[in-house]
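Protein chains: 2
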Amino acid sequence: MLGDLNKKELIDLLESQVFGRLGCSVDGETYIVPINYVYRNNAIYAHSGNGKKIEMMRANPKVCFQVDEILDTFRWKSAILLGDFIELEDEERQQVMQGIIHRIMPLTDRPTEQTSHGIKPEEQTNIVVFKIEISKVTGKFETHDITSF
Amino acid sequence: MLGDLNKKELIDLLESQVFGRLGCSVDGETYIVPINYVYRNNAIYAHSGNGKKIEMMRANPKVCFQVDEILDTFRWKSAILLGDFIELEDEERQQVMQGIIHRIMPLTDRPTEQTSHGIKPEEQTNIVVFKIEISKVTGKFETHDITSF
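So the sequences go chain by chain: A and B.
Under the numbering used here, the first residue of the first sequence carries the number 123, and numbering increases by one thereafter.
Under the numbering used here, the first residue of the second sequence carries the number 123, and numbering increases by one thereafter.
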């Protein structure tokens, strides 16, 4: 059975995952990259080194973000978010960077790296911290029972 | 350590996975959906019901396809493909549909459904079968050792 995820199921999915795929496009060229993220208050928070995706999002801030949980071909959930790329600065940037580190690092077994996220302090200044302010979310699921597929 | 996947590693990744994320864009709006696929002869083969992604790819056949294998934040592989959406017809369409069924169905534990992919014959006629002819592939990986990150 195919169905739509309701609001609670969408938020549960976004909160339970730490990887999503970010899609951006400029002049008809589309680009997708997997990124770590934190979902909070109707926004996706993430960071990235300067590079192609940052350049593209600066040129066209209308982006897509997709998160899923796939067991197999017949059992999956997927959320598709449309939103706007916004670069963060100063204090908000620092707070978000700390939030990302705390969300992502417990998933690894490397406690000695927890304060740095494996990134040297001098490298952190070259990192772009951004949010995607969500304007639209849709989600679909398929269940285990395929007799009604 | 971050690095680039070489050609063999890229092909191994594309052949080992069955889910990828398809990205398309029209008029600056980007859309990503997870799909089952088969990789063969420098192309991605897949199917879909008529819907938003098919309409978008008909409007702008330049698409992006992304495949990854993620263990955790510090151990992953990801391939990004750029290519052109081409709808398949007649005999090629039938052959590809069978190929997709045979590639995807062994992953499930539902042998009684193997001949239909869980899709009734009358529904198969409404399905669009397509390939993405790859024009560019790049791939990156990150390894277990984060001391050099």
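It cannot be assumed that every hint is accurate.
Pairs count within a copy or across copies, as identical chains cannot be separated in the list.
Listed below are the simulated DMTMM-like cross-link pairs for lysine to aspartate or glutamate, each with C-alpha atoms no more than 20 Å apart in a straight line [as the list claims (entries may be wrong)]: (1) Lys129 / Glu209; (2) Lys129 / Glu213; (3) Lys175 / Glu137; (4) Lys129 / Glu177; (5) Lys258 / Glu211; (6) Lys175 / Glu151; (7) Lys174 / Glu264; (8) Lys130 / Glu191.
In short, the hints are calculated from the structure, not lab data.
Computed from a predicted model, the values in this text were never measured in an experiment.
Status of the hints after comparison with the structure:
no. : hint            : result
1   : Lys129 / Glu209 : neither (27 Å within a copy, 35 Å between copies)
2   : Lys129 / Glu213 : neither (31 Å within a copy, 43 Å between copies)
3   : Lys175 / Glu137 : neither (24 Å within a copy, 26 Å between copies)
4   : Lys129 / Glu177 : neither (32 Å within a copy, 26 Å between copies)
5   : Lys258 / Glu211 : neither (25 Å within a copy, 35 Å between copies)
6   : Lys175 / Glu151 : both (12 Å within a copy, 15 Å between copies)
7   : Lys174 / Glu264 : between (34 Å within a copy, 18 Å between copies)
8   : Lys130 / Glu191 : within (15 Å within a copy, 28 Å between copies)
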